[in-house]
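Make a model of the complete structure from these sequences and hints.
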Amino acid sequence: MRFFLISIISIFMNLSWSDCSMAKDSSKTVIAGGSLTEVVYFLEQEEKIIGVDITSNFPPATSELPSIGYVRALSTEGILSLKPSLILGEDDMGPPLVVEQLSLTGLDVRILEEDHTSIGILRKIECLSEVLNTKSKDTLSKIDLIKDDINYLNELAQENKESGIKVMLILNMQGTSPIVAGNGTSGDGFIKMTGASNAANKFEGWKPISSESIISYNPDYIIITNRGMNSFPDIESLASTTSLKFTNAAREGKILNEDGMAMLGFGTRTVSTAIKFAKIFSK
Amino acid sequence: MSSILSKKVHSLKFINSFQTGILALFVISTLLILVTSITLGSFNFSLQELLNDSNSLDNIVLLEIRIPRVLLAAFVGASLGLSGASLQGLFRNPLADPGLIGVSAGAALGASIVIVLGSGILPDFIFGTLILPISAIIGASLVISLLYLFTQGFGYQGITYMLLVGIAVNAFASVGIGILTYISTDSELRGLTFWTMGSFGGASWQLIIPALIIISLTMFWMIPSARKLDLLQLGEPEAYRLGVDVRKLKFKVIIASAITVGISVSLSGMIGFVGLVVPHLVRLIGGVNHNYLLPGSAFLGASLMMTADLLSRTLIQPAELPVGLITSAIGAPFFLWLIFRIRKT
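First to last, the protein sequences are chains A and B. Counting from 731, one number per residue, gives the positions in the first sequence under my numbering. Counting from 16, one number per residue, gives the positions in the second sequence under my numbering.
Keep in mind that the hints were calculated from the coordinates and are not lab data. Do not rely on the hints blindly, as some may be mistaken.
[As the list claims (entries may be wrong)] Covered by chain A, per the in silico footprint, the following chain B stretches (three or more residues, Cβ under 8 angstroms): (1) 51 to 60; (2) 69 to 78; (3) 116 to 125; (4) 157 to 166.
C-beta: ideal position from N, C-alpha, C; glycine also.
As structure tokens, this is what we get:
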């Protein structure tokens, strides 16, 4: 028992949370988290990537890189076998024991905090450009472009806030009850980026919702991921399901579908997708 | 009548030379697989690096990651195999498995509480990565205490009663896990899902040394009960008349299984079918007496688990498959075949 206690005390975390200082050697980078991969490609540093997780599916070129598995179920040895010099991870990178083992080997492990806002995306981009030491004019001007986009998005969002539009975001349909983005989800963050309010604001997390509560939420727009759309031949048949057909959105044909990662990944694409939806909402 | 019984008992007491040979084979194959598992993996060692530089990445991977992992797999396999074999003997039921008495469910509930609520309640630095296994062990211990209370110190006559208590405990734990699943966030939910599929990925010396000591001690405590388990196959009253303290035997087998399975589940998640399938394989190969069956199941369990872990590490490298998927993928068809066979006879 004493041994056990000593080993408990001797464990401590020595990870760098959101440490954006320049990495000593970023020539062999492994990435766990789709949004980070997206940003590294955006910064045109993709030649530094030697492995990605399976949530890194954009741009399509990532499929040619070795896969280290799912971001929450990584393997220490698998990652080390690629002999990386730097590991970049989203904050849900795991399991925790693997993350700890990786940092114990003395590797540079950076975990970036997730913040589901446009500022969060900008911070992620700036942080990675520091870590990867990308100071070329091209990339700096690209970052400025993103800043312009975010300013434009915020203007659109301000207009939408005043008109008080309610949006509901559906991940997929589980039978007839949809899995809906509640408070604190990436979906909630995405809706708020457009200036609209989340219609489903009475619960936390992604939850299956009953038809009755959907009617009480009565969203003006419904967004569904493309993957969720797969189980329906077209938008009309989705709109006519019992759970959705009594909402304003379904009656007025305001159901939209979009690629899940483009909305919810919170990489660079999320900004342009949010602009697209903010424009639709302001019509 | 009594002379026939005692003759039968007498012949069961010994382990025949054929079985000794098979046990020796099991030991040799376990050692071979141990060495193979340590040498193979996604990370390729260079012998030069290993010998020349004791601080090289190769050395760290071998000593801090690969070896603890393989050892953990071996011990978890051995404890699942051994407790499966002794529980099947105790319940006199070929379909008994360590999950049946509810201990794995208790451990799973303990782990789920940490995965879902832990990050909110406890700051990371208090227990760090140890809090999950500790909570799982507390969950398993609570189930053991419940079993003990409800069966009045395991003395209650009739094994059915114990099985029913196990079913109730299982149901209770799955409700708890269900509630936690419902309130979990997206990422906690995925953590939960992967935990229930099992992995040896997090093995470190700090975690496994206490576990290996406790598991080995419990095994040495349990294996000498083998002959009593043989006698129990004649029925509880008969075993009692032949001098077996049935109550004490039940206590020993259940406590020992609960400890080993509880620790195994706590460190590696839910790994299905090993506890069920391994004892049957050992019986098919060499016979049913427990002096052979118990150590045989421990060694075969260890070999199979190390093999499953080796597959999980190497099939889709550098990623890895949850080991529970591999054992269940092998175990489920075998289980069907077993049911089919039982129905025919």
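Inset, instruction - Check each numbered hint against the structure and report the violated ones by number, ascending. - result: 3 and 4
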